[in-house]
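Since chain A is already given, all that's left is putting chain B on it; use the hints.
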Amino acid sequence: MEISVDCYDGKTSKKQRLLLKFEGKIVVLVSDQGEQSYPIQELVISRRLGGASRRIEMPNGLVCEASDNDAIDRLLRLSGIQVPGRLIDKLESKLRYVIIAVVITSTIVWGVISYGVPVLAKHVAFMIPVTANTALGDSVLVVLDKTIFSESQLGDTEKKDLRVLFSKLIETVSPEYQFSLEFRHGRNIGPNAFALPTGTIIVTDEMVQMIDDRHELESILAHEIGHVVYRHSLRKLIQSSTVALVIMAVTGDISTVSVLAGSLPTILTETYYSREFEREADEYSYEYLTKNGISPTHFANILGRIADSGTEIGFLSTHPSIDQRVLMFSEQ
Amino acid sequence: MSDQPEIVPIQRMPFEFTGSGFEYFRIWIVNVLLTIITVGIYSAWAKVRTKRYFYRNTKVAGSEFEYHAKPIQILKGRLLIFGGYAIFVVAVQFQPAISATIAIIFCLIMPWLIVRAHAFTARNSSWRNIRFGFNDHSVKDAIGVFLIIPIAIPFTLGMIIPYLSYRGWRFSVINSRVGRQPFSFQSVRVGSYYRVFFTMVLLFVMFISGLSGLIAVLDIHSKVPNPYTAGPSLFSMIPLLLILTLYLVVLPGDRVMTRNISLNGAALGKPFGPESDR
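Chains as they are written, first to last, in this note's numbering: chain A, 1 to 332; chain B, 1 to 278.
In case anyone wonders, no lab produced these hints; they're calculated from the structure.
As the structure is a prediction and not an experimental result, all values here were calculated from the model.
Glycine included, every Cβ here is placed at the ideal spot set by N, Cα and C.
Keep in mind that the hints are not guaranteed to be accurate.
[As the list claims (entries may be wrong)] Each computed DSS-like pair below joins lysine-lysine, with the alpha-carbon atoms no more than 27 Å apart:
id, chain 1, residue 1, chain 2, residue 2
1, A, Lys15, B, Lys51
2, A, Lys122, A, Lys291
3, A, Lys90, B, Lys59
4, A, Lys94, B, Lys70
5, A, Lys11, B, Lys59
[Stated by the list, open to error] So these bits of chain A aren't anywhere near chain B, every CB distance computed over 10 Å:
id, residue
6, Gly50
7, Ala71
8, Arg74
9, Ser79
10, Tyr115
11, Ser139
12, Val164
13, Ser174
14, Asp213
15, Glu283
16, Asn292
Okay, chain A solo, but in the shape it has when bound (with noise of 0.2 Å):
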């Protein structure tokens, strides 16, 4: 048995086509100067990879390439010699396969984003001291007050008078978060609060105004609370830069496009993340209300209220939807 091969000596770049006998463990190169042979197992043959040539390196240095893929393979069969790389060779190879690496890569991946990544960043956020919380700072206030707010127009006896009701909320909650209840005029954003990793919540005029009972107020407080004290700023950095870590680990290898194929699903998991984390700080609403006699449908009332008087252009929702979470006050 016989195949035709283009051999490089190593010395210069010519290229000579020869003939390589196989004749049982003896390999034989036919050339014009005449026959070498050289013993099968002493040749180094590369693996098999696609339709690529096949690269059979003889003991004195010289080179061969072969394109001849299963005439190599089977000659190595014949001459009893282990095929190099079958296994991968075979998953790449046999369709079946690949579409069942397919399925197992895209279930592994999907499970390890919706659920392996928020128990991880949970776990870990939780286990890192509250400190580290509050080291993530209020800079963002700064920036906010600066962009978005103007000074709150309230009196002072109503400030007082919610800051009495918020330490109500937070006489619970573990005493190393620095809670503070800060006023601001919202301006462009409307009725509005926010929770900043340290403690500090921020609630807008507009938003004081629309309340029409304390307790609508109560549950929006413990809403905010529930963000803080479920560390959702930590989490989400974690989750965001191990989200990065796992799509970069998938697609690594393919470089000018892992840019790109990394920054979007970063950006798509982002929402679905933070959506986990409303329900989440729901869900402290909820038991707050109910824990402390007062009806959840105050936080359902003031959710509907507004969302008349907002203006909502989001297609991208990062919020569970509004009906979906005024159900969940709205019984009992």
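Just chain B, lined up with the frame of chain A:
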């Protein structure tokens, strides 16, 4: 054949690529799966397989390239980097001040690392059984290109970036060789890099102004969404659109165009240059 150089006219040898998207996809998905299952260890084998796929399917004058690196070498290198990074993370926890020191050390050894990386790739690449090589004495050159010149970026308001890109490519090309024959970069002009740079800046500015126009028309600013009721709005999509423009159009465009300029200008042999150091 004697070592005396022969006088031969310049030959143009175009690159040929014989791989296919689907074939590569199958290799890639198996790589990804095995990498996941082995918690990343297979990634070294995957890297070699990927590299080999592209090398074996790239031909010049009818002959393909070969990649020789052993997966175990790559695995060791990756474990080293991973270990170093882990130590860095832990060290910073206990001694935050140390991060600055480590960052400075990293910057200082970076040129050397770049030369090592180039040398590793070159040494492990061959064409027609002739290995590529990289000039080991190029660290000084690397310090200039990757450490000194970048300092000027802020002072020149980024205007030096195309020159830097030219120097980076020049560094890679002139220090590379096939066998004992070095590459030359003499036909490449800095001006070409500036042309690409300004084209891309212009493109980006056009995209930004187009977007701003759109936003002005839609008057989004007065309707910032309420986080209690709505998700990201068109307004918050702006950074995303800018990122997409940057990553889909500007950066790849710049990359491909500078790469074409550089590789098209690279020639084997040094027609006029001084004697090369081995």
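Outcome of the hint check:
1. This hinted pair checks out: A/Lys15 and B/Lys51 have alpha carbons roughly 24 Å apart, not beyond 27 Å.
2. Taking the CA atoms of A/Lys122 and A/Lys291, the gap is about 25 Å. The hint holds against a cut of 27 Å.
3. Between the alpha carbons of A/Lys90 and B/Lys59 the distance comes to roughly 25 Å, so the proposed pair stays at or under 27 Å and holds.
4. Our distance criterion of 27 Å between C-alpha atoms is met by A/Lys94 and B/Lys70, whose separation comes to about 26 Å.
5. For the hint linking A/Lys11 to B/Lys59, the alpha-carbon distance of about 19 Å falls within 27 Å, and the restraint holds.
6. Non-interface call for A/Gly50 relative to chain B: violated, since the shortest CB-CB distance, roughly 5 Å, does not exceed 10 Å.
7. Taking the minimum C-beta to C-beta distance to chain B, about 17 Å, the non-interface status of A/Ala71 holds against the 10 Å cut.
8. Once the 10 Å rule is applied to beta carbons, A/Arg74 is consistent with being away from chain B; the minimum gap is 20 Å.
9. Every CB of chain B lies more than 10 Å from the CB of A/Ser79, the least distance being 23 Å, so the non-interface label holds.
10. With a least CB separation of 15 Å from chain B, A/Tyr115 remains clear of the 10 Å interface cut-off, as annotated.
11. At the 10 Å boundary, the C-beta of A/Ser139 stays outside the reach of chain B, the nearest C-beta of that chain being 17 Å off.
12. With a least CB separation of 24 Å from chain B, A/Val164 remains clear of the 10 Å interface cut-off, as annotated.
13. Look at A/Ser174: its CB is around 23 Å from the nearest CB on chain B, clear of 10 Å, so calling it non-interface holds up.
14. The Cβ of A/Asp213 lies farther than 10 Å from every Cβ of chain B, with a closest approach of about 17 Å, so its non-interface assignment holds.
15. The non-interface label for A/Glu283 is consistent with chain B: the shortest C-beta to C-beta separation is roughly 16 Å, beyond 10 Å.
16. Every Cβ of chain B is farther than 10 Å from the Cβ of A/Asn292; the closest lies at roughly 22 Å, confirming the non-interface assignment.
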